[in-house]
Every structure is written in structure tokens, then in C-alpha cells.
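> Sequence:
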Amino acid sequence: MAISKSRVDVQHILLTAVGSGVLSMDALVENSLKTLTAYKKNDRRYHSSYYVLNAINKLEKKGLLYLDKKGNMARVQLTGEGDRELAKYTAEAETLKPKKWDGKWRLVIFDIKETKKGKRNRIRRNLTKLGFEKLQNSVWVYPYECENFIAFLKGDCKIDQGVLYLESEKIQDDDWLKKKFRISP
Numbered sequence: 001m002a003i004s005k006s007r008v009d010v011q012h013i014l015l016t017a018v019g020s021g022v023l024s025m026d027a028l029v030e031n032s033l034k035t036l037t038a039y040k041k042n043d044r045r046y047h048s049s050y051y052v053l054n055a056i057n058k059l060e061k062k063g064l065l066y067l068d069k070k071g072n073m074a075r076v077q078l079t080g081e082g083d084r085e086l087a088k089y090t091a092e093a094e095t096l097k098p099k100k101w102d103g104k105w106r107l108v109i110f111d112i113k114e115t116k117k118g119k120r121n122r123i124r125r126n127l128t129k130l131g132f133e134k135l136q137n138s139v140w141v142y143p144y145e146c147e148n149f150i151a152f153l154k155g156d157c158k159i160d161q162g163v164l165y166l167e168s169e170k171i172q173d174d175d176w177l178k179k180k181f182r183i184s185p
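Residue numbers (the numbering used here): 1 to 185.
Hint data in this document are derived by calculation from the structure and do not stem from the laboratory. Among the hints, a few may not be true.
[What the hints assert, rightly or not] Straight-line C-alpha distance at most 30 Å; calculated DSS-like pairs for lysine-lysine:
| # | residue 1 | residue 2 |
| --- | --- | --- |
| 1 | 34 | 116 |
| 2 | 70 | 158 |
| 3 | 61 | 34 |
| 4 | 170 | 129 |
| 5 | 179 | 99 |
| 6 | 100 | 179 |
| 7 | 158 | 129 |
| 8 | 104 | 179 |
| 9 | 100 | 129 |
| 10 | 134 | 119 |
| 11 | 158 | 113 |
| 12 | 158 | 134 |
| 13 | 170 | 180 |
Can you make the complete structure from the sequences, with help from the hints?
Right, dumping it as C-alpha cells:
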């Protein structure tokens, strides 16, 4: 169920969104669309609420989501099986590292206002959880491909601007980073 460069796993995005708590259907669709458009800006189907609603229905049929429908309102929450599926995906995502390093550093730079301190701290926690190393207060580095994760994180935190993803072939005096990440060129 891993997210690859070639395809976005919409069901994982939905599970992750609902995994943070019970959401209304409207909030789930809106947040998911923001995340999806961050992945595939030029793909029209990722701009459609129909696409997201179809994925929600598939998850419900699989028994991963529970929809509590009351009139025009619907609340969405994970089932026990949905929790297990999300935990499985999270474990897989954390271990998706190539056997050989491609020689590129991935840098995440962010400048988030003090009024959005909670979002800034959330980004730091997620970067730390994935294994990023802090170069400076708002500059983090990682040796493996993670552009999809950063796009997902930006969508999840509802921050379109203020977070930059860069790839660099050289960081001055990077021997300590290579040692930290246990990589060799």
C-alpha cells in the first residue's frame, strides 16, 4: 500500500486523515483533495470530490471505515481493521529505503509564522519521525527520495507556501551526515 512516484494511494491518504480522529465527510473530502492536488497538480481526477467519495465508499466496503450518516451529515472514523491497515502502511513507509544511496540529499526548508506554531511543530515531529536530521532550525536533511511524503505533509498541515523541498548533490562537510545515516557514496 505504499505511495510510489507513479501513483498516489488515495486510500492511504484517507486512512491517514481519518486516523487523526473522527472527521465530518465534508472535512475529509476537502482535506484529501488538498493533499491529492499537491501530489498531482496536472491530473484532473485528483481535483474531483467524486474521486475521493468513490475511494471512501471502497474503504467502507472493505470494512476499514465506518460512516455514521445522519440526514445530510456524515461522520467518518476508522474501524479496528482500518487502524491495523494504517499501522501496517506506516511501518512500511518508514522502512522504504533503497539499498544504495543515489548521492543526493533531500532538504526541507520551512518558514512558518509564529501564529502557526502548532503546524510548524507538527512538521518538525513528522520530519523527525521519518528520520530527517536537523541542519539548522528550519532546515532538515534526508538522503532518500521523499518528495511524496513532503507533499502529503504540506497537504495534511494545510500549508501550501512556506515549505520547500530541494534536492542537492552536495552539502559542505557532509561526512557527519553520511555517518549518521550510515551511507557511503
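> Check the hint pairing residue 70 with residue 158 against an upper bound of 30 Å on the C-alpha distance.
holds, 28 Å
> Would the hint linking residue 104 and residue 179 be met if the CA-CA limit is 30 Å?
Holds: residue 104 and residue 179 sit about 15 Å apart, inside 30 Å.
> Given the hint that residue 179 pairs with residue 99, does the C-alpha gap stay at or below 30 Å?
Between residue 179 and residue 99 the Cα gap is close to 16 Å, so the pair holds against 30 Å.
> Take a quick look at whether residue 34 and residue 116 sit within 30 Å of each other, Cα to Cα.
With a Cα-Cα distance of about 18 Å, the restraint between residue 34 and residue 116 holds, given a limit of 30 Å.
> Has the given pair, residue 100 with residue 179, been kept, meaning a C-alpha gap of at most 30 Å?
Distance of about 15 Å is within 30 Å: holds.
> Does residue 61 pair with residue 34 here, judged by a C-alpha cut-off of 30 Å?
holds, 24 Å
> Holds or violated: are the alpha carbons of residue 134 and residue 119 at most 30 Å from each other?
With a Cα-Cα distance of about 17 Å, the restraint between residue 134 and residue 119 holds, given a limit of 30 Å.
> Assess, step by step, whether the Cα of residue 170 is no farther than 30 Å from the Cα of residue 129, and give holds or violated.
holds, 24 Å
> Given the hint that residue 100 pairs with residue 129, does the C-alpha gap stay at or below 30 Å?
Distance ~21 Å between residue 100 and residue 129 Cα, so the pair holds.
> Quick one, are residue 158 and residue 129 close enough, alpha carbons at most 30 Å?
Answer holds: residue 158 to residue 129 is near 19 Å, not above 30 Å.
> Mind checking the alpha carbons of residue 170 and residue 180 for me, to see if they're no more than 30 Å apart?
The hint holds at about 16 Å.
> Within a Cα-Cα threshold of 30 Å, do residue 158 and residue 134 meet the stated pairing?
holds, 22 Å
In the structure shown, no violation is registered for any of the earlier numbered hints.
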